[in-house]
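Asks: Sequence:
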Amino acid sequence: MKKVIINENQKGFLFKNGKYVKLLNAGKYRIFGDREIEICNLEQPLVSNKCALDTLLADESVSRQVSLVEVDDEQLALHYVNGKFSSVLRCGKHAFWSVVDKHDFKLVDISTPTVDESVPEYIFSKISQIYYTKVEVAEYQKARLYFNQRLEKILDAGTYYFWKTPVKIDVGFVDTRLTQMDITGQEILSADKVSLRINFVCNYRVTDYVRILTEIDDFAEQIHVAAQLALREYVGKYKLDEILENKDMMSKFVFERLQKKEKELFVEITDAGVKDIILPGEIREIMNTVLIAEKRAQANVITRREEVASTRSLLNTAKLMDDNQTLYKLKELEYVERICENVGNITLNGSGDVLSQLTGILRSNKA
Numbered sequence: 335m336k337k338v339i340i341n342e343n344q345k346g347f348l349f350k351n352g353k354y355v356k357l358l359n360a361g362k363y364r365i366f367g368d369r370e371i372e373i374c375n376l377e378q379p380l381v382s383n384k385c386a387l388d389t390l391l392a393d394e395s396v397s398r399q400v401s402l403v404e405v406d407d408e409q410l411a412l413h414y415v416n417g418k419f420s421s422v423l424r425c426g427k428h429a430f431w432s433v434v435d436k437h438d439f440k441l442v443d444i445s446t447p448t449v450d451e452s453v454p455e456y457i458f459s460k461i462s463q464i465y466y467t468k469v470e471v472a473e474y475q476k477a478r479l480y481f482n483q484r485l486e487k488i489l490d491a492g493t494y495y496f497w498k499t500p501v502k503i504d505v506g507f508v509d510t511r512l513t514q515m516d517i518t519g520q521e522i523l524s525a526d527k528v529s530l531r532i533n534f535v536c537n538y539r540v541t542d543y544v545r546i547l548t549e550i551d552d553f554a555e556q557i558h559v560a561a562q563l564a565l566r567e568y569v570g571k572y573k574l575d576e577i578l579e580n581k582d583m584m585s586k587f588v589f590e591r592l593q594k595k596e597k598e599l600f601v602e603i604t605d606a607g608v609k610d611i612i613l614p615g616e617i618r619e620i621m622n623t624v625l626i627a628e629k630r631a632q633a634n635v636i637t638r639r640e641e642v643a644s645t646r647s648l649l650n651t652a653k654l655m656d657d658n659q660t661l662y663k664l665k666e667l668e669y670v671e672r673i674c675e676n677v678g679n680i681t682l683n684g685s686g687d688v689l690s691q692l693t694g695i696l697r698s699n700k701a
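Numbering (my numbering), first residue to last: 335 to 701.
Please keep in mind that the hints were generated in silico from the structure rather than gathered at the bench.
Careful: at least some of the hints might be erroneous.
Unchecked claim - Calculated lysine-lysine pairs in the DSS-like style (CA-CA distance at most 30 Å, straight line):
#, residue 1, residue 2
1, K487, K571
2, K502, K527
3, K418, K436
4, K595, K581
5, K350, K362
6, K487, K527
7, K527, K571
8, K586, K527
9, K594, K571
10, K350, K337
11, K476, K597
12, K476, K337
13, K597, K581
14, K476, K427
15, K353, K336
16, K609, K597
17, K427, K502
18, K498, K427
19, K336, K350
20, K353, K384
21, K595, K476
22, K597, K586
23, K384, K362
24, K418, K476
25, K418, K362
26, K609, K571
27, K502, K487
28, K460, K436
29, K460, K527
30, K487, K460
31, K356, K336
Claimed, not checked - Taking CB as the label site, the calculated pair distances span:
#, residue 1, residue 2, range
32, E377, K337, 21 to 29 Å
33, K609, V453, 49 to 57 Å
34, F458, Y480, 14 to 22 Å
35, K498, M583, 32 to 40 Å
36, V433, K350, 18 to 26 Å
37, K487, T513, 18 to 26 Å
38, K460, A491, 22 to 30 Å
Ideal Cβ placement from N, Cα and C applies to all residues, glycine included.
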């Protein structure tokens, strides 16, 4: 004989010769011979290692104390205990004791990856990622959603969840921001056979997120080639001096050519311009020599102009002093003042007019 105790949070299943007999409630039991008791916790799902679930449910005393849900192949069941989410149940028959807790189930269709709006988003943070695929689209992005290689729709910024099913899910992201493209190191011959290296830049924005993928192979390379061809066309028509004098015209020409390509490339070209024009080494030296010569010539012209102006000013001053003796005397005093500023001591002999003596010293120095 064997003694078995079933607690308040447990139920027991009595078996005789391996066959289910009945349900046992909490209490003390003595078993002997070919009898066995299997104990099940009320917090756990209703299962038995000795018989099938349907065998237990056939007992009315068991079936009226459990909550039952059947999940089909293309379904999931969201299991709530006392109003709070507990777990996800896959296909099959599931039973839970309803003696202590209240069990609710929400069946979800997963025949397609699309998640029904009735499924709250917080559920996905509580379940394993084996059940779903998460897609995050940034504020500056659009996303192309494909089911089995076929376009389903365009996704705006946000977080999206999709059930994992036999349907293959692919997502292609597109940057919607203004994008800069640098076209560097383009070596082009001008009309006078000078090899120029040109760095060009353009800004663009994608306008058709689907056709730019399905109808164009590498749209960025297509923009790059279009800009190259436009640059070569322009530079080949003009000589070096004309190109250097009209950089803005080159930028305008290439920009207009790129704008004509907008519709077929499914982009908007917002701006374009020349960043640098790099000359060969020997051409740079010649240009620098010419520039230095030009600046020297300009400096000589300015020097001669100032000398003429200074001479004219002296002539006018001399004429005024000839006509006005008082002005002549003031000019003498000005020179005396300058002498005094540069001489420490002056010795005067005898008496007489000091100004006349100083003037005499000035004149003797000139002589």
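Asks: Could you run down the list of hints and mark each one as holding or not?
Replies: Now for the hints, and whether the structure bears them out:
no.: 1; hint: K487 - K571; result: violated (48 Å)
no.: 2; hint: K502 - K527; result: violated (57 Å)
no.: 3; hint: K418 - K436; result: holds (10 Å)
no.: 4; hint: K595 - K581; result: holds (22 Å)
no.: 5; hint: K350 - K362; result: holds (18 Å)
no.: 6; hint: K487 - K527; result: violated (53 Å)
no.: 7; hint: K527 - K571; result: holds (11 Å)
no.: 8; hint: K586 - K527; result: holds (23 Å)
no.: 9; hint: K594 - K571; result: holds (20 Å)
no.: 10; hint: K350 - K337; result: holds (16 Å)
no.: 11; hint: K476 - K597; result: holds (19 Å)
no.: 12; hint: K476 - K337; result: violated (69 Å)
no.: 13; hint: K597 - K581; result: holds (27 Å)
no.: 14; hint: K476 - K427; result: violated (42 Å)
no.: 15; hint: K353 - K336; result: holds (19 Å)
no.: 16; hint: K609 - K597; result: holds (26 Å)
no.: 17; hint: K427 - K502; result: holds (28 Å)
no.: 18; hint: K498 - K427; result: holds (21 Å)
no.: 19; hint: K336 - K350; result: holds (14 Å)
no.: 20; hint: K353 - K384; result: holds (8 Å)
no.: 21; hint: K595 - K476; result: holds (23 Å)
no.: 22; hint: K597 - K586; result: holds (19 Å)
no.: 23; hint: K384 - K362; result: holds (21 Å)
no.: 24; hint: K418 - K476; result: violated (35 Å)
no.: 25; hint: K418 - K362; result: violated (34 Å)
no.: 26; hint: K609 - K571; result: holds (20 Å)
no.: 27; hint: K502 - K487; result: holds (15 Å)
no.: 28; hint: K460 - K436; result: holds (20 Å)
no.: 29; hint: K460 - K527; result: violated (71 Å)
no.: 30; hint: K487 - K460; result: holds (27 Å)
no.: 31; hint: K356 - K336; result: holds (18 Å)
no.: 32; hint: E377 - K337: 21 to 29 Å; result: holds (24 Å)
no.: 33; hint: K609 - V453: 49 to 57 Å; result: holds (52 Å)
no.: 34; hint: F458 - Y480: 14 to 22 Å; result: holds (21 Å)
no.: 35; hint: K498 - M583: 32 to 40 Å; result: violated (58 Å)
no.: 36; hint: V433 - K350: 18 to 26 Å; result: holds (25 Å)
no.: 37; hint: K487 - T513: 18 to 26 Å; result: holds (24 Å)
no.: 38; hint: K460 - A491: 22 to 30 Å; result: holds (24 Å)
Going through the hint list in order, the structure does not satisfy hints 1, 2, 6, 12, 14, 24, 25, 29, 35.
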